[in-house]
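Engineer: Below, each chain spelled out in residue letters.
Number of protein chains: 2
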Amino acid sequence: MPILVMKFGGTSVATLDRIRRAAKRVGREVANGYDVIVIVSAMAGETNKLVGYVDETSPLYDAREYDAVVSSGENVTAGLMALTLQEMDVPARSWQGWQVPLKTNAAHAAARIMEIPTDNIMAKFGEGMKVAVVAGFQGVSPEGRITTLGRGGSDTTAVAFAAAFGAERCDIYTDVDGVYTTDPRICEKARKLEKIAFEEMLELASLGAKVLQTRSVELAMRFKVRLRVLSSFEDNDEHAGTLVCDEEDIVEQNAVAGVAYSRDEAKMTLVSVADKPGIAAAIFGPLADAGVNVDMIVQNISEEGRTDMTFSCPTNQVARARQAMEGAKDRGEIEYNDLIADTDVCKVSIVGIGMRSHAGVAAKMFAALRDEGINIRVITTSEIKVSVLIDRKYMELAVQALHDTFELEKTA
Amino acid sequence: MPILVMKFGGTSVATLDRIRRAAKRVGREVANGYDVIVIVSAMAGETNKLVGYVDETSPLYDAREYDAVVSSGENVTAGLMALTLQEMDVPARSWQGWQVPLKTNAAHAAARIMEIPTDNIMAKFGEGMKVAVVAGFQGVSPEGRITTLGRGGSDTTAVAFAAAFGAERCDIYTDVDGVYTTDPRICEKARKLEKIAFEEMLELASLGAKVLQTRSVELAMRFKVRLRVLSSFEDNDEHAGTLVCDEEDIVEQNAVAGVAYSRDEAKMTLVSVADKPGIAAAIFGPLADAGVNVDMIVQNISEEGRTDMTFSCPTNQVARARQAMEGAKDRGEIEYNDLIADTDVCKVSIVGIGMRSHAGVAAKMFAALRDEGINIRVITTSEIKVSVLIDRKYMELAVQALHDTFELEKTA
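Taken in order, these protein sequences are the chains called A and B.
By the working numbering, the letter at position 376 of the first sequence is numbered 376, and the numbering carries on one by one without gaps.
By the working numbering, the letter at position 365 of the second sequence is numbered 1365, and the numbering carries on one by one without gaps.
Next up, chain A with everything else stripped away, as it sits in the complex:
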């Protein structure tokens, strides 16, 4: 039998009634001839409740105990889903992470999957079981302790199972009906994409489109898992949702697939840095050591041995970044006159594998922003992405202007 992986997020299993609705979808795929592996999250709100307990108990908690506590929500849903399927006469049973066992490293609260043995579940499929319900987000460490994969880890669980079992597809059921050219809440012309390439989805995910966890997309790209994002609240036909797939599977291609944005950006400028060999290492080494995720970097042209160095990082890392820079200054590793933090900025990006073969995409983007009078603070580019840092008040305007410029409301 071909194998299908179906993943249901917290809002899709928030109540017994929604679990029943999800189970019906699973039942239909069984009727279609699949052996199904269902990955479930905790009922919406449960994991937050458990995280709250841990935070209140112990500000600097032992991550091994954190994992033992917060993984319990998924176990409840897995058992309930198996029972619901059995009620519908679909042979099913639940697996907790340690029962599979989904083996991870010992990096508690952010563990990485090492191995998923398939023999146990395949044997049950061989005996006539039709659905294996697996608690998402969790695994077991080499020491036999429970680990979790980090928030959103159930997406990663689902893709890893699809890869391990050679599944035909991995369907991610969520509360939106697919991936859009941009956020429909700020651009009403936004269009649902029928297909998107892994690389594009990866850029969009890391740029803040919250549909899929970044790591799950990485994993899907690496193991060529066909990933479909679709709504658990609508009737889905064969064109439902968005298929995340290899770029070869996408015949016609716009130069730009989507416009992403992120409010969670801060711009930091080191003013009048003494410019000498190794200065970049002297700045970004301490930032990395302090765990600051530096995103964009711009260095002005050096004048009289001094330069300005600007970088961006998540808003909540500003204090940490400032501490790291002041420390390096105190130790005499760097010299600068001032450190200016600006949190009143945002990042807007265009993403598309078509950029590789279409020249002038970046120039067209800059012109569109200029026409709206939007000043660009920092620019970064990759092969399939152009990102700009702009003043936050222009965010919606920039997104709408770029959506229009690249005619994203039209299919290729």
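Honestly, the hints are just simulated from the structure, not real lab data.
Watch out, some of these pointers could steer you wrong.
Said to hold, decoys possible - For each label pair, taking beta carbons as the anchor points, the in silico distance ranges come out as:
id, chain 1, residue 1, chain 2, residue 2, range
1, A, 118, B, 1151, 30 to 38 Å
2, B, 1045, A, 235, 33 to 41 Å
3, A, 89, B, 1032, 26 to 34 Å
4, A, 89, B, 1298, 46 to 54 Å
5, B, 1151, A, 396, 50 to 58 Å
6, A, 392, B, 1045, 53 to 61 Å
7, A, 118, B, 1333, 50 to 58 Å
8, B, 1109, A, 123, 21 to 29 Å
9, B, 1383, A, 123, 46 to 54 Å
To be verified - Cut-off 30 Å, straight-line C-alpha distance, at most; resulting in silico cross-link-like pairs (DSS-like, lysine-lysine):
id, chain 1, residue 1, chain 2, residue 2
10, B, 1024, B, 1049
11, A, 49, B, 1189
12, B, 1130, A, 49
To be verified - Rough simulated footprint, nothing fancy, chain A against chain B, three-plus residues with beta-carbon under 8 Å:
id, segment
13, 1050-1064
14, 1076-1084
15, 1096-1109
16, 1142-1154
By construction, the Cβ of each residue, glycine as well, lies at the ideal position given by its N, Cα and C atoms.
Use these hints to put chain B onto chain A, whose structure you have.
Structural biologist: For chain B alone, coordinates are given in the frame of chain A:
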């Protein structure tokens, strides 16, 4: 280091604040020089919530999935208790049933403990860990699936750990401060017992005194585990609570240790049964097959080949008992004219190992009831117990009269 087992029930860990209070008690025992094994229940209400989910999902549920779901509450408390202890600088970690592993048979929802290996936890004690926090109520089957021990199973977990680790004592923290001569709510002269023998506690537990689960007392008696019941809401000195122990440890002994009662009794009478050899087997065989827990049995003297047969069983098994009897009648295995069920009765019992050496205890009980005008419907006795079935309206009166007659308010 001597080992102490401490068990905290659901009301004792109902909130983070109560968990902290319980952890302080644990910390004090560590300061007293013990290595401590803490057994925790789920936070009060959690298990009922999970059982409710299962019941609503599937009326005839798969007990293996039931166990996977309902065991999760204890996992949460175990992790939180370990974190709380760590916050107090007490080295602690949590274990879930499968991690110990607490091995049970495969009788899901009512599993029996087969083995508790001690090496894993002892090795951690050897490394300086002071407290092992174990999720109560749960274990793992030979097939590697989660099992539960039945409601109240955390008491049994605690006693089993105390036996396996040769603990000096097993302290059961609960919402009452010990075992009383009778229920203080219906007899204000009730007195807390400082000590009670295993055999007496066993009779009281099975007669409906809800302080300890019957199986935990059986296990304690078999493995000579000194069991102490005490309140988690009061300051406890060395005389606190009630010690359940070997009868040799109790120097002075009243003939009667306590008076127990149970409202959950029904009296069933088969009227005019054809009395022939094997009739008892023909009646009680089908009842046992139907899962009816028959408690007391009385057979009238046979007249003209007919007799009346009366037995008692829990109130909620009346329908099942009737069905079993009617089935046997239909199959021609027994003959009777009528089957009368009376649920307006109750059982009152006196319990005491002193009865073995004191003659006339039963006679004194019957006289006390007669003096109050209370009619006895059925009697059963064991070596250390006399139980009578009486009309329910006389229950409180009977308990108070017996408490007075045997002067239970006085210590021996």
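Engineer: Each hint needs a verdict: does it hold in this structure or not?
Structural biologist: We went through each hint and held it up to the structure:
no. : hint                          : verdict
1   : A:118 with B:1151: 30 to 38 Å : holds, 37 Å
2   : B:1045 with A:235: 33 to 41 Å : holds, 38 Å
3   : A:89 with B:1032: 26 to 34 Å  : violated, 57 Å
4   : A:89 with B:1298: 46 to 54 Å  : holds, 47 Å
5   : B:1151 with A:396: 50 to 58 Å : holds, 57 Å
6   : A:392 with B:1045: 53 to 61 Å : violated, 45 Å
7   : A:118 with B:1333: 50 to 58 Å : holds, 53 Å
8   : B:1109 with A:123: 21 to 29 Å : holds, 25 Å
9   : B:1383 with A:123: 46 to 54 Å : holds, 53 Å
10  : B:1024 with B:1049            : holds, 28 Å
11  : A:49 with B:1189              : violated, 45 Å
12  : B:1130 with A:49              : holds, 29 Å
13  : 1050-1064                     : holds (count 9)
14  : 1076-1084                     : holds (count 7)
15  : 1096-1109                     : holds (count 3)
16  : 1142-1154                     : holds (count 3)
Comparing the model with each numbered hint stated earlier shows that hints 3, 6 and 11 do not hold.
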